[in-house]
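Put chain B on the given structure of chain A with help from the hints.
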Amino acid sequence: MAEAKWSRAEMAARVARDIPDGAVVNLGIGLPTMVANHLPQDREVVLHSENGVIGMGPAPREGEEDFDLINAGKQPVTLLPGGVFFHHADSFAMMRGGHLDVCVLGAFQVSASGDLANWHTGAPDAIPAVGGAMDLAIGAKKTYVMMEHTTKSGEPKIVERCSYPLTGIGCVTRIYTDLAVIDVTPRGLVVVESVDGLPFDTLQARTGAPLVRA
Amino acid sequence: MIQKEVASLQAAVADIADGATVMIGGFGTAGLPNELVGALLEQGAKDLTIINNNAGNGETGLAALLAARRVRKIVCSFPRQVDSHHFDRLYRAGEIELELVPQGNLAERIRAAGAGIGGFFTPTGYGTELAKGKETREIDGRMYVFETPLHADVAFIKAERGDRWGNLTYRMTARNFGPVMAMAAKTTIATVHEIVPLGTLDPECVVTPGIFVHRIVRIDRVATSAGGFRQ
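Top to bottom, those sequences are chains A and B.
Residues in the first sequence are numbered consecutively from 1118, following my numbering.
Residues in the second sequence are numbered consecutively from 136, following my numbering.
The following label-pair restraints were derived from C-beta to C-beta distances: (1) Gly-173/B / Gly-1174/A: 32 to 38 Å; (2) Lys-1269/A / Pro-344/B: 48 to 54 Å; (3) Arg-299/B / Val-1201/A: 27 to 33 Å; (4) Glu-234/B / His-1216/A: 25 to 31 Å; (5) Cys-340/B / Pro-1327/A: 52 to 58 Å; (6) Arg-1125/A / Glu-264/B: 28 to 34 Å; (7) Gly-276/B / Glu-1310/A: 28 to 34 Å; (8) Thr-1319/A / Val-357/B: 55 to 61 Å; (9) Pro-1241/A / Met-136/B: 54 to 60 Å; (10) Arg-1160/A / Gly-173/B: 45 to 51 Å; (11) Pro-1175/A / Pro-344/B: 33 to 39 Å; (12) Pro-1175/A / Val-331/B: 31 to 37 Å; (13) Phe-281/B / Asp-1138/A: 36 to 42 Å.
Source of the hints: derived by calculation from the structure; they are not laboratory data.
Just so we're clear, the structure is a prediction, and the values are computed from it rather than from any experiment.
The beta-carbon is built from N, C-alpha and C at its ideal position, and this holds for glycine as well.
For reference, chain B alone in the conformation it holds in the complex:
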């Protein structure tokens, strides 16, 4: 029997090793798996490489992981935010490595990893600082930059509903990076607000098929900005 449901956040992240590359879904607070990041902080893994669109906000989640100096390197498109002070401080002190990636390249490099693609030529970034030193090629009269796939050991995804096979649905713009990150990691861990019996999710509406998901944990809805619900 396939049973991907894991009883607790702690159990879901227990085997993440020092030096692991961890993808974290989310854009703004939508789809941000803060509960898993909190469990990882508690678990203690260090020397991590984090792949996320941003570089942490305020004091919780990724920002707390940064503040605890667990992160060696961050791969993201938009680190600078009004409340990204933990990242800002570490970056200015030279205590964290930043790989800045245009957001579409970030998404496509993650997708490529999940799809078994060894790299791709994209027009994005051609002629800019972010393409410096990269292979370029003219294709049908247009210039392209070669970009490589982004793999991870672990992906943290926040979805809406799931079943024991790991099939997932999402909620509105909380979908964002979830489906592509789920494909690109050796171990994908998803939190959902509801785990339903097999056959309950409309197969036409499943966004991430369970083959891309390894562990699924139910979390409470919170009446915060991340949950999208008011209680």
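Just chain A, with the same shape it has in the complex:
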């Protein structure tokens, strides 16, 4: 493999670049949470958390944690000036009602038509848990997915049709992987950019659905 992959921090920084000034954003648990650390200083981006807070700030200093003020991952956070609290039905109305500008989610698989699978592997012994994934996926104005381009064993995670149980249909706007940024469009999966030194054909070979050059 000649080409370098983008690191997780580089992926997070790349997603952050696409979040405009003034946006209200929900960052999913895991890799998407890292986006918060890379938001450009000159942009005012407001973070929403499903458990009833807008205007979430960074983690508190050690010793100042207050477990009445937590994020969706149940970690203590802080509140920025202007931040507000609201109940669960309002919080999900913000998602479902199309009030959030962007949500960033992790994924097991994304299909050529923007179907998302990120809540359940479907393994027979797995205990299913969905949380707010289905509401978030279909609600925000833009749904960005952040994930490795392939599984650990090299299987493509961008596929013709998802084999894992679906979270939402046709809901993904843009996919950020460690190899490329890809838009889900009516004319197919359009490669917006890819890591230096990665030929289009190699990227295509690691992708389970047809790609289109930008």
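Quick look at chain B alone, frame taken from chain A:
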């Protein structure tokens, strides 16, 4: 005179019957009315249906209720957690029924019950396993799934301050499911850290009006992760 204040947790939960459906507020430990759940465990009601976002953590509260086999069915969005071993064991042994509901549908189904709505069409879950067998409808070119209200016999809420009419304020993200669950149960029992004289709570800042609350019990602040305070 209206007096919703109840002297003890035991008195507040004394009449909960076997087979009751009980809503339990809370997300993580924020807003989790563990004291009421503990009193219910002690009271002994069994064959319960529990509605909560999760399915118990560690050894206390809901997890203890599960471990004591008091729960027949759980309605929740996120049962699987690092320390949900009591639920995991019962579920794998087929000894507890699970109704898995996307979190926003859970909140809205509870709200619908409290608001007297007979059901609603939501885009959440359309085309997924969790919408299987449910009525769907195309509205203005988008597909929706019909969801029904979730009622309860009893709701357990953890609020911050209250008065004898049952007016409640909350603290930060401990609010979560409290306001909607308070509306959806025949009997809503709230714990608060402070009961204040009528007229003390700023009427502009009351989140749950007392009409939705039937019993209110004062509990101590604990210097645990649930209380949010350090002593």
